[in-house]
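Participant: Chain A is fixed; fit chains B, C and D onto it per the hints.
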Amino acid sequence: MTLLGLHGVVVDGTPHGAAAPRRLLDGVDLTVEAGQITCLVGESGSGKTLLLRTALGISTARPGLVGGAVSWRGRTVLRPGQRRPDLRAGDAGYVFQDPGQALDPFRSIGRQVEDSVAVRHRGLARAERARRAEDWLARVGLPDADGVARLHPHELSGGMAQRAAIAVALATEPELIVADEPTTGLDWSLRRGIVELLEQLARDEGAALLLISHDLEVVRRLADRLVVLFGGQVVEDGPGAATLRPGPPRHPYGIELAARAEAMRTGEPGPATGRGATAPNGCVFAGRCALRSAATFADRCATSPPALTAVGDGHLVRCHGVES
Amino acid sequence: MRWSAAGVGGGSVLFAVLALRVWAVFIDPDPWPSDGAMGGPSSAHWLGTDAVGRDLFLRVVESTEAFVGPGLVACAVALLLGTLAGAAVGYVPDHPVSKVLRGVLTLLSAWPRLVLVVVLLAVFLAGVSDPSAWAPARVYVLGALVGLSFVPQVAGVLSERVAHFRRARFVDAARAHGLTDVAILGRHILWANCRQLLLRQACSVFGAFLLVETSLSYLGDYGVPEPRPSWGNILADMRSAVVRSGGIAGDSGWVEAARSGGLLGVVVPSLAIVATIAGALALAEYFAQRDAEA
Amino acid sequence: MLHETRRWLLPLGLCLLLPATVAAQAFEYAEDELPFTLNPLHESSMAETRIGELLFEPLWGLGYDGAPEPRLADAYELSPDKKSMTVFLREGLKWSDGTPITAADVEFTVAAYLNPKSDSPDRSRVAFIKKAKAEGESTIKLIFHDPEPEPLQKLSFKILPKHRFESTAVPRKDPFWFKPTSSGPLMVESQDLGTWSLQLNPEAFRKPNIDRVKVREMPDKNQQVSSLGYGYIAAMISVPGQYLAEIERNRHADLVPYQSKSWWYLGMNGKHALLKNVAVRNAVGKALDLDEALALIGEGDRISGPFVPSSKFYNHADSVPLLTPDAMESASLMEGQGLTFEDGTWMHKGEPVRLRLFYRAGLGEQGQTVALNLQSQLRRAGFDAADPVAMDKSVWNDKVFAQRDFDLVLDSWSFDKNENVYDLFHSKGAQNFIAYSNRDVDSLLDKAIAETDPAAKVAYLREVHRQLAIDQPYVFLWSLRSYTALRREVESAWVSPFYYFSQFADWKLLPKK
Amino acid sequence: MRPALAYLARRATGLAAVVGVSSALLGALLLFAPGSPVAEQGLAAWLGGFWRGVFAGDLGPSYRGIPVLDLVGRGAATTLPIVGFALLLSLTGALGIVLGLGDRVAALSRPLRLGLHGLSLVPVFLLGYVALVVFGVPPDGPRRWWAAVFILAVGDGTLSDVILGLDAERRRLVEQDFVHSMRLRGLPLVRRLAPHLALPLAQLLAARLVFLLSGVLVLEMVLGIQGLGLMGYRAAVKADFTLLVAIAVGLTGLVAAVQLGVDALRVAVDPRVRKDSRQTARGSV
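Residue numbers (our numbering), protein chains in the order written: chain A, 12 to 335; chain B, 17 to 310; chain C, 128 to 640; chain D, 661 to 945.
No lab work stands behind these hints, which were simulated from the structure alone.
One or more of the hints may lead you astray.
Which chain D residues face chain C? A few, computed with CB under 10 Å, are given here [claimed, not checked]:
| id | residue |
| --- | --- |
| 1 | Ala716 |
| 2 | Gly717 |
| 3 | Gly720 |
| 4 | Leu792 |
| 5 | Leu890 |
| 6 | Asp900 |
Glycine residues also receive a C-beta, built at the ideal position from the N, C-alpha and C atoms.
Isolated chain A (complex conformation):
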């Protein structure tokens, strides 16, 4: 069953330092199925974070959603002009990139988890709430949950803080967990643990997990479904097993990403990132496309935008090369 649906989402916003609003997301379709793990990949500035923040009503982009709609269990919850979706508190839990920012610096960890517990269980006795909060802290793998509960965020290390933040997000027992690059701010040694924790908790709770990540290694292992975003558009969308493998039929950006991930694993230098003029009316990837210079359809890349085209079972690619 589709939990969260984004239908042709168009978002305008004014990036830092820009004078006028600009189109940041241009007709993005994305669905998250209940209980599944969906991964969203794409480079910085591709709009991954903005997409989910807009959908959940915590984006600061203005004017924000100008086209399309967001649905929750098939019900439209967010329309253009609306800031906050009609979601119930705790429907979605969000794990932020920087754990240092995600926790209220003035409130003890225990209290913050208790706040989340109280979202689903109103009228719970204080002691019981505190006990459940400690349970959560233990479940996210924090040793000495009792002691940690009394600490304030500034007293935790990055890894501990991220675990605490996960506890805060999950203690509301959400149906959807959005994890926005939850490992970026952490040491390499801690990353795997956090992702595994998220996966495990999501499976245990039967919640859907939407993981936004750079880390193709992780993504490929986890993803039931994988969506690639570039320049504010979905360029590839498919089952985790089929997507992001070397070789066509693939989106050239997907190929580039895959090659880089492979290079990273083997320690060889990856492919150079091309830089070229983007065509205003053409394909968003045209400026960097490796395929384009060799292909016969290249003139179309600069003049007309490609559409998402099915290349396999539930596998969509946005490329003129695939169309032809």
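Facilitator: Same frame as chain A, but now just chains B, C and D:
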């Protein structure tokens, strides 16, 4: 260079003030009137004349002398000392000099600025034998004092900014390239990243100085002394005009007040004060925007 | 949040905009500056004189006809040689605390004024009494230094309650200054920082119709005028010329002449290298068009000497003319003193003649206007006249009176009926801060003080007037026609010269319309 | 709690030093004023006498005859409520405008804000003059009191400054991830964010206090309110240096005390300071 409404508005107001200041240079500072006192507006006297018979319009123009130069002195003092102190405190917070500076700044910031100004001028006036000989210098002293009272504010925002950049990666890189601390601080932190911030502070100091100057001149004892004009003391001179022409207690004196020039003598300097302060603050806002964008 | 905002904005706005509904049961009047002391022994300003008139009684006070009327005194006997008199007090007089007023109080008061340790500025007013001796409960004998043909009007100093003081040396900080015991129509109710509140003195023998009075400090004349217009105050003590028209137009207030025998002057420092010279002083006087200056601040009468034109001491002879501007004469006087005129400026020993002009801040807007005008006139005449500087009285006392660090001063003097100018122009005078010294004037003033024959005294003082007009230690400016303003609710109000409130007991205050 | 106390004690010492040094500096300044008590007695003797006098409750008489300390006390009783209420009014107004109109009624709030900023730019002395002449504010009573509070709360840029400061603080806050997290969990934002707003607000108001104390001087002169500002100004005009110094030191002490209050609030609110006294977060320069 991109101009916002605040930038254009503020900039043009301040430009107009500067133009008036230049004009004031060419006005014969001869305050000795020959026309009647409290005359209404005429082609010879656009705003009429005051109680001693001086042309109000020329006085309004000449008043720019009372705050443009001294206001710039205030800005210079605030920025110079504020930058030095702020850069030191922000860049080498643990140096003994910085500790002393922090103490001095805390001290300065605890002093209500008008009280500081009044105390200093009271001592100054009690000490000199020929107070009128010092009259032109007094406004500049006032400017320096107001500037001094803004040093903690400038130093505060600047030290925060410098401290932020001190830890930035490009500073390490610059140091690795063999650049000296002075060069890093001067070129890469202060010039490259604090310029707009300082310009913003300069604008607000200028606005604040005008406020202090006109307030004190209105009260009379420590501001711009007569017969030198200031928008504040013109208002003080003309304030009775409204009462005088029956503008109180519901009598229909407003028309008469306007005709006799009294009302214009009150309204024009008032508007000039508000517009100039607004201009300075709008420009400050503009620099704040540019600072945020950078 | 918006609604909450509105909830407090509305009453606040209404508070500001609603017309005043304060019922003025009390008679409130405004002074430029509050009395600093209520002790008559130390009074030195007109504000203190005025409030003193409400709180204390003299032996003889000012009657409606201007003649002395008995207050605490009931009757008197003057000895044949006029060198002593016996005063009989009224029966049953009491201080506001219920203590009887006795001859001992009068004896004490005279001793306190004369005690140098009391440091009374009015010591010279009482100095004609050698001794006061109580002869019983209500009989007192006054012994004079010289024969006194008309002693009654000199007995207008206020009597103090002996039982409040420990000795005749009364320091300024004696708490009596703010907690006095009164004999007048009113007594002090309370003191706030900007006001003195007075209430009916139950023991007063002159019972006032108005039983509450409030004195309010308002340094700004604008505020006084508008407060009078809005009815916040019932009286504004003195109305500068530029506001006369406004009050005249006002339906709720009237102008009443208030004569205080005061005149303005431009004093010149007798220690100044040039101004000590009569010719230079005359040249300064001749350089000025005083009518032009006077016209800027209102109506008044020009004077040629140290008295108001209505004074009997004023010398109206043709030989004592008013100053008229005469640039030629002024210039030739200056040249006669070896000064040279270069580039429009008088030079003395190669330096421009710089004159610093100070004026007392208490003169207000009028003072500023005149000072600026005189500066401009002096500049036109070639003097390097500095920008005029306003000085508060306390700074003035130090700089002008004590240090004599000035060239020109602009100020005014006010006098009671006695018009004693001895202190101003006698070389030993206490107020002779301009260091004026003229042996002829000294001897004339000495004679005038000692003279028992009123006609002869007039003659002496008229001669003083003539001498001063020639010598010009001051440029005598004018006596302003001065007015006070009263709300129409105030009835039967006779504003007495100088003291203002001499007959306050008869004043009435109707409810405001 | 001990690091917190140590922190407060350190701040208190620093602020006491500020007051002490201020009095010494003022004294040194008065050396140049002929006729001042310092010029007569010498700095050390005068300073000793001054502080002895302050602690003994007797600094001698003022130019008005009333003892200096009595005058300062009564002036403070007049001025401080006005300043306090002005700050409160400014804050209430700003809270109403920023939080109440925030983003929701942007169209309405824009002209309202522009108007308020415009009004706020008018100097206090002009507002006082208009109140006196146009609105006929009486020389006494609650109407004058409220007029003074209102003028002070608005004029000299106070309201503008508080609105802008509060707005910046609000905007900085609502972009924080932990606030997003609260929002997703449906927590009561106002209650949870109050401590976060309280500290910067207190800092803003404390900084504004210095301006307000300048504004109140002018306002008291214009409206004839017998408070510290008017007295200080008169003391300067009348060369009553003891009173002038007493008022100046008193005001410095007030600013220092308010600063201490802000520090205490910081300790109460911010665990980073409470739990570790070495970390002073954003120190108040």
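Participant: For each hint, tell me whether it holds in the structure or not.
Facilitator: Results of checking the hints against the structure:
| no. | hint | in the structure |
| --- | --- | --- |
| 1 | Ala716 | violated (17 Å) |
| 2 | Gly717 | violated (16 Å) |
| 3 | Gly720 | holds (9 Å) |
| 4 | Leu792 | holds (6 Å) |
| 5 | Leu890 | holds (9 Å) |
| 6 | Asp900 | holds (7 Å) |
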